[in-house]
Amino acid sequence: MKTASQLAALVGGTLEGDADLHVTGVSGLEQANPGQLSFYGNQKYKQQLADTKASVVLVPDDAPPRGEKTYIKVAHPHLAFARVAQAFHPPKKYTPGVSEKASVHVTAEIDPSATVMDFAFVGAGAFIGARAVLYPGAYVGEAASIGDDTVLSANVSVLDRCRVGARCLLHPGAVIGADGFGFALDMSVPEHVKIPQAGIVRVEDDVEIGACSCVDRATTGETVVGQGSKIDNLVQVGHNSTIGRLSILCAQVGLSGTTELGMGVVLAGQVGVAGHLRIGDMAKVGAQAGVISDLDDGAVVLGSPSMPGRSYMRSTAVFVKLPELQKDLRDLKKRLDALEKGKTQP
Amino acid sequence: MKTASQLAALVGGTLEGDADLHVTGVSGLEQANPGQLSFYGNQKYKQQLADTKASVVLVPDDAPPRGEKTYIKVAHPHLAFARVAQAFHPPKKYTPGVSEKASVHVTAEIDPSATVMDFAFVGAGAFIGARAVLYPGAYVGEAASIGDDTVLSANVSVLDRCRVGARCLLHPGAVIGADGFGFALDMSVPEHVKIPQAGIVRVEDDVEIGACSCVDRATTGETVVGQGSKIDNLVQVGHNSTIGRLSILCAQVGLSGTTELGMGVVLAGQVGVAGHLRIGDMAKVGAQAGVISDLDDGAVVLGSPSMPGRSYMRSTAVFVKLPELQKDLRDLKKRLDALEKGKTQP
Amino acid sequence: MKTASQLAALVGGTLEGDADLHVTGVSGLEQANPGQLSFYGNQKYKQQLADTKASVVLVPDDAPPRGEKTYIKVAHPHLAFARVAQAFHPPKKYTPGVSEKASVHVTAEIDPSATVMDFAFVGAGAFIGARAVLYPGAYVGEAASIGDDTVLSANVSVLDRCRVGARCLLHPGAVIGADGFGFALDMSVPEHVKIPQAGIVRVEDDVEIGACSCVDRATTGETVVGQGSKIDNLVQVGHNSTIGRLSILCAQVGLSGTTELGMGVVLAGQVGVAGHLRIGDMAKVGAQAGVISDLDDGAVVLGSPSMPGRSYMRSTAVFVKLPELQKDLRDLKKRLDALEKGKTQP
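Chains as they are written, first to last, in the numbering used here: chain V, 183 to 528; chain Y, 183 to 528; chain P, 183 to 528.
Chain V on its own, in the form it takes in the complex (with noise of 0.2 angstroms):
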């Protein structure tokens, strides 16, 4: 149980309000029950916060006034409710050791502080960090070493020789280090010849990779993914694709092979990246983007092909327009036809 005060004093902010309220948990403002510290960071939840039933809220310094609800003011309430969150949450606690009913190979190093359960597997040649986790029907390739505090949650695959960093979480079935695709096409038999994926994955520390995604080894050298980015579900990531640190990558996007992307770059969902491009630093695409030209650091783009943001909200708002746009031109035509033929036939 913590109070109102000490989680004030944990994220630095000022309270206004009933100091010593026993606070329980956390959740939104709509969900949260009496008891509970939820926050409020965009004036868009102005009615939510008025209604919340909240008995702590943490709010930005102009915020509504408090009524009877207890506050405490910090610059960044998002943040400020994650640390919260996490206090109300630690993460989870495993008992060290190996499974009896894992299959570790001899040659394999496992810390002895890490977790293998039961139908885990460790192949010939690889390590396994202090505290690391491995969930049932995780698997470790050969040569493949998982980081310090990182979690293999169930079913995922992490293939030979592929480094995954500190302090990484990767959700069921994820799978790093699938060969890139790479074929090419000898018309002679016909068929698609395999060229050989021989490079790696490196997952560098504290990413991120979600349920299903799929991350692919380079064909010679590194597909990498930078210090701390996340990755969401069903993300593709092609061979030899970089992504820099502290990067974003929403649900269901797609890398083509070869793909650099920035520092602090935000994908959202669905969107698609063109191979052999660079992704400038702290550049934007919004949803169901396709990008097929390189971006500058920054750039905010949408669509498909994608464009700067702006500059598509408006050819978008045109195209609804579109069959009365082209009514307008016949109308103009029509007009212009009589008045050339006016003025030619006086």
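Be careful, since some hints might not be right.
The list treats identical chains as interchangeable, and a pair is accepted whether it falls inside one copy or across any two copies.
[As the list claims (entries may be wrong)] Result set (DSSO-like, lysine-lysine): computed pairs, CA atoms no more than 30 angstroms apart in a straight line:
(1) Lys226 / Lys255
(2) Lys228 / Lys376
(3) Lys509 / Lys523
(4) Lys226 / Lys466
Just so you know, these hints were derived from the structure itself, not from any lab.
Put chains Y and P on the given structure of chain V with help from the hints.
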């Protein structure tokens, strides 16, 4: 072996033709062999009906003359076909019991009539209902529950505390209860701070979830898949989304977080729906559409961003002719220039 | 270790330069180190060719002067590169035998030269061919068959009665033979009544299927992936679809039910194809396109809905300028208004 008259009785139809005909199985009009039953529900397939080798056809009242075929007249041929097909293909039978090669926590509760196959895993405090089936590689986390007659196929993952109802079918690789995708940016580090995903997923009764589809757990509270809904393969359902009863999500659909789908909604393949939206009951969204605002009950939309279907069709028809439109506009301009010139220079 | 002249002989090329040079491996032009072999197949990469540290380059006849590099001249550099890369990266060797930690039904037939790893499962009456490999977590259902030299990677599921040909490679998490998505609505309950999916999937020889890709079983009959076709990650192939020989489906493509793809078809990333269509031989569909009508042999299409590629490019170019077009139209209207006024009010 079933006779045509038995099948007519099964579906409450009227038989025309050979009542004693022995039907050996079901098939589509084009693929059917003599002895098989097929169905005809749409005038588009008139020619296939004329050409079919099927001996018995389920047809509506206004079907073309039957010739030498046997007809069973019913109000809904496709539905009747489903019933007949079920009669020919009853559900697979399983031998109850927990395999010695499975792993079941001592505190888990498994109904004696359930089947737990090799390499399936059931965590502490989990519950497996009557006649439920866990295929190899199925993973059921701590305190999760699986309802009566529900089947988790190979390599399905149902994570901690999630609840799957009765008579559900989860296809291989489906993931229920991976963490929702929620982070708050702390620019002072910088890092994406994880917002703990402390809620659950609740899958109601009679739900089917496709292969490698992912339903994320809620941040707090529940992500819900409503009774009788059917989800195809590779679908993403974001945290705190709710899907009403009897909705249909085709393959590769993506729902962002906190999306609310009404009852009987149909989302065609590769549709994306932005977060914090309400999609009305019986709304229909065409393939690849991108929904970025609320939809009324019964809405029919297409396109990205989505718009009323008819409007989209019209605009698309003009889109193809845009280069022509542009040229027409230029021509008009020239003609107008000339006219104006003529006026001012008499 | 291989010499330049040995590699020239391997690919039937003409050597120019140091015949005795020892080649240590292969790489891309930009990543290559001294001692490595690379390839140059496209004038777009002229600068990379000039700058490469590769000692040997596979080039076409009209390549720029070689300077100090060694050239191997060939008709198809990319294809020759594939052959050389294969020489440097021969397929992995496996120790034949069935692991004691695997589960194989007594009625299954496993070729003695096959490899069945820990936690792999082979159901009743299944067949595993010569030198086939089942990784941990691979699941082969009842009466399914896996051809000679085929590899099922970790956590792959091949369900009952499905047939996978020889020399296939299925990447982790791939699902062959989940139920097709077929229901009939019974408004009287209401419920979506399941249409039993009683058919199978037949994967022909030399097919590669990507991680977490799903090929659904047919309602009746077969869903077919044709000989030599290559499917990337996270692809959906609906029930009763047929994919012709040597077709290429890039990541996140979705085929609805009963889609017929010809031979040598190429579908780029995130393409969707509606059901009951015929896509002609050698047709090419650009990324994110949505195909809603039949395509002729050799068709090249883009866009959603898809249209001839050139037409799409032209229309897209105008789309960006739609706000300008709208403004031009309004200007013309005003000028015309003025002209007409001038005429009637002399």
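Going through the hints against the structure:
no.: 1; hint: Lys226 / Lys255; in the structure: within (18 angstroms within a copy, 56 angstroms between copies)
no.: 2; hint: Lys228 / Lys376; in the structure: between (58 angstroms within a copy, 25 angstroms between copies)
no.: 3; hint: Lys509 / Lys523; in the structure: both (21 angstroms within a copy, 22 angstroms between copies)
no.: 4; hint: Lys226 / Lys466; in the structure: both (22 angstroms within a copy, 28 angstroms between copies)
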